[in-house]
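Protein chains: 2
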Amino acid sequence: MGKAPPVSPLAPAQFPDLPVIDGVRFATIEAGVRYQGRTDVMLAQLDPGTSIAGVFTRSATRAAPVLDCQAKLGGASDQGAAILVNSGNANAFTGKGGVEAVEHIAQAVADTCAVPTARVFTSSTGVIGEPLNHQRITEVIATLESTLSPDGIAAAAQAIMTTDTFPKGASAQVEIAGKTVSISGIAKGSGMIAPDMATMLVYIFTDAIVDQTALQKMVSAANAVTFNCITVDSDTSTSDSLIVAATGASGVDASTDDAFRDALHSVMLDLAHQVVRDGEGATKFVEIAVTGAATATDAKTHAMAIANSPLIKTAIAGEDPNWGRVVMAIGKSGAAADRDLLTIRFGDVEVAKDGWQHPDYSEAAAAAHMKGENILIRVDLGLGRGAATVWTCDLTHGYIEINADYRS
Amino acid sequence: MGKAPPVSPLAPAQFPDLPVIDGVRFATIEAGVRYQGRTDVMLAQLDPGTSIAGVFTRSATRAAPVLDCQAKLGGASDQGAAILVNSGNANAFTGKGGVEAVEHIAQAVADTCAVPTARVFTSSTGVIGEPLNHQRITEVIATLESTLSPDGIAAAAQAIMTTDTFPKGASAQVEIAGKTVSISGIAKGSGMIAPDMATMLVYIFTDAIVDQTALQKMVSAANAVTFNCITVDSDTSTSDSLIVAATGASGVDASTDDAFRDALHSVMLDLAHQVVRDGEGATKFVEIAVTGAATATDAKTHAMAIANSPLIKTAIAGEDPNWGRVVMAIGKSGAAADRDLLTIRFGDVEVAKDGWQHPDYSEAAAAAHMKGENILIRVDLGLGRGAATVWTCDLTHGYIEINADYRS
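Taken in order, these protein sequences are the chains called X and V. Here the first sequence is numbered in this note's numbering, starting from 40 and rising by one per residue. Here the second sequence is numbered in this note's numbering, starting from 40 and rising by one per residue.
It is worth saying that the hints were derived from the structure and are not from the lab. Be a bit skeptical, because a hint or two may be false.
Claimed, not checked - Below, a list of computed lysine-lysine pairs in the DSBU-like style, where the Cα atoms sit at most 35 Å apart:
#  : chain 1 : residue 1 : chain 2 : residue 2
1  : V       : K256      : X       : K135
2  : V       : K256      : V       : K135
3  : V       : K111      : V       : K256
4  : V       : K135      : V       : K111
5  : X       : K135      : V       : K392
6  : X       : K410      : V       : K135
7  : X       : K111      : V       : K392
8  : X       : K392      : V       : K256
9  : X       : K392      : V       : K135
10 : V       : K256      : V       : K218
11 : X       : K256      : X       : K135
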């Protein structure tokens with residue numbers, strides 16, 4: 040790991056006070072999988088009746104626990120379930136040994152927590168390609184089970200961190216038919232962030248009743264405009280997993296409730312933004328809003344080309360309103376664009392219009408916007424109604440420092 | 040520009056001694072387009088009978104001079120021609136003023152050099168989005184014309200540089216029917232390098248006779264496996280242009296000569312490698328050879344995913360044989376891959392096989408390879424016969440330093 044980097048300057052002031060979700064309990068422990076002197080395994084046990092939905096990486100080299108989770112999704116919800124996560128080792132590209140490690144861990148959790156192995160979801164995050172010593176995990180599961188607690192979610196957010204500089208949590212509460220339903224979620228992620236589906240590791244819990252089909256539909260739709268719209272470095276993890284569990288303990292059915300769907304979306308967006316705010320080496324939080332594209336897909340292609348351009352990300356780090364590089368990224372993206380119909384704004388500063396610098400462009404005003412912590416780049420293609428918004432961070436010396444010797 | 044960075048540690052020991060190409064003469068001058076105290080405009084005049092082929096960026100926001108060159112390609116070869124290049128300003132995203140600047144410059148060159156405007160090819164490279172003061176160029180053309188010299192190509196290589204830390208030149212000579220034919224070329228490029236067609240600015244001259252159709256075919260084919268197979272930072276310039284001029288002054292027809300085609304390919308590959316060796320901040324030259332892919336397109340997709348991964352490029356900078364990140368890049372690329380059929384080698388060190396670390400893997404041997412200046416990453420997909428080789432450099436603090444304040 041090298042020495043721990045300082046906490047991101049974009050981190051929230053503190054970890055939020057997440058509402059307790061009835062029907063789920065958490066425990067964490069120092070198992071020494073790779074790290075020393077910190078927790079690295081977390082167990083969440085879910086009561087019978089919990090619906091579980093998920094979205095996972097589409098990487099062709101995805102890790103053994105991801106494949107195992109995907110096979111188990113959609114299982115019966117009238118039984119209990121458990122989620123076990125370790126940090127420090129991704130159990131990815133670990134061959135048959137990796138598959139066996141998942142089986143050993145799932146079996147141990149099933150035996151100890153009295154749930155079927157088909158309802159044990161595991162995740163591993165950390166170094167790729169090194170064998171996972173699963174015994175370090177299986178031998179602590181009884182201790183974990185004996186310390187499960189309804190208010191352990193903040194500790195769980197700590198235990199799943201790798202290069203993260205702060206734990207990530209978000210919550211929402213909605214009133215449905217006079218009753219309160221709560222949603223609490225945690226996430227980890229900092230580098231290797233360009234989700235092609237879900238992202239890094241994200242666990243969200245709610246006490247609402249939501250049937251599995253409805254839950255999966257809500258999660259997939261919200262994922263498309265939250266986790267799938269962030270990028271730190273254009274690199275996609277082999278382990279990206281998002282799991283949402285609805286325990287139903289509130290007794291309130293939210294399967295078709297719009298306010299609940301919006302609340303779930305807001306929790307997912309909050310966590311996605313926190314992942315960007317903890318982007319390796321990040322000093323700026325950047326929103327890129329593209330409108331007027333021929334299609335929504337084109338809008339996202341342009342937005343991601345801007346968000347992933349090393350030249351734009353370094354210009355943002357240098358507080359340089361280098362809008363010529365935005366023109367470059369649009370040009371290279373492959374999606375439809377007409378140079379002479381483009382308009383570009385940095386914050387509220389009109390930068391480019393009609394194929395050239397805006398007549399009222401003020402470099403001083405644009406430079407002032409770039410000095411802020413939150414950067415907004417707006418592009419209108421002038422071609423149609425396609426729109427997309429994505430979020431990223433700048434590219435700094437910190438990113439190089441963190442990644443030039445992650446393993447040593 | 041900020042302060043000039045030191046010469047790349049990967050630079051050749053010296054600029055090569057390029058053979059004089061009969062039928063072309065060069066001149067350079069300090070026109071003060073943007074830079075002070077260095078040459079920034081070069082003129083090449085070509086004798087009547089010269090064939091000209093070219094490849095240009097496919098960027099949707101390509102610059103005015105690129106559009107002008109594309110419109111002029113394929114013109115009659117029984118007239119003289121001229122190439123005029125300025126550095127410091129790309130004349131890209133400069134609206135109607137940019138188009139007019141190209142017209143003014145081409146007209147001035149045509150008048151002074153007595154060639155048709157349809158045979159004047161111009162390029163501009165530098166900052167995007169700022170108006171080009173074309174008068175600074177038109178007013179020096181008479182002086183340029185009066186100082187044209189057959190041996191001015193080394194000075195021309197200097198005049199077209201922007202963030203380059205060394206001028207780039209390459210040459211080849213072949214015997215055809217007992218006579219010697221020569222090829223000499225120059226290039227500039229260091230950042231915004233992920234050619235989607237040609238790259239940066241490249242000018243190659245030969246005294247062979249090659250008819251325009253044959254020359255264009257040779258150039259396009261060689262371009263696909265040279266300039267189109269390099270990347271520094273995944274960003275594609277708005278100004279990429281490759282122009283090859285065959286003056287025919289040797290009296291030797293090479294239109295169908297295999298040795299000539301191979302020689303042209305070798306000159307293009309040499310220049311492409313020099314662009315990578317001058318990659319902004321580069322300290323390692325990296326070759327990525329992918330074999331066993333389902334198709335050649337898939338092979339290139341995998342190779343470019345590896346070459347453009349910030350995590351792999353930073354690991355190389357840190358001399359870390361982090362092969363897990365290679366697995367990640369293959370997984371995210373979108374091209375076909377089977378995790379359990381992959382083999383990966385760093386240099387001659389077998390790293391991964393059958394979905395896991397190779398049983399004989401030596402981290403010490405892999406680490407020793409990473410300490411060298413030339414890094415070789417070999418991947419076999421085990422799926423088919425598709426192959427591709429691409430070249431890149433590492434991602435270092437130097438890249439951030441250069442690009443966080445290019446304009447200031």
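The hints, checked one at a time:
1. V:K256 / X:K135: violated, 49 Å
2. V:K256 / V:K135: holds, 33 Å
3. V:K111 / V:K256: holds, 17 Å
4. V:K135 / V:K111: holds, 19 Å
5. X:K135 / V:K392: holds, 12 Å
6. X:K410 / V:K135: holds, 32 Å
7. X:K111 / V:K392: holds, 28 Å
8. X:K392 / V:K256: violated, 38 Å
9. X:K392 / V:K135: holds, 12 Å
10. V:K256 / V:K218: holds, 24 Å
11. X:K256 / X:K135: Holds, at about 33 Å.
The structure fails to meet hints 1 and 8 from the earlier list, while all remaining hints are met.
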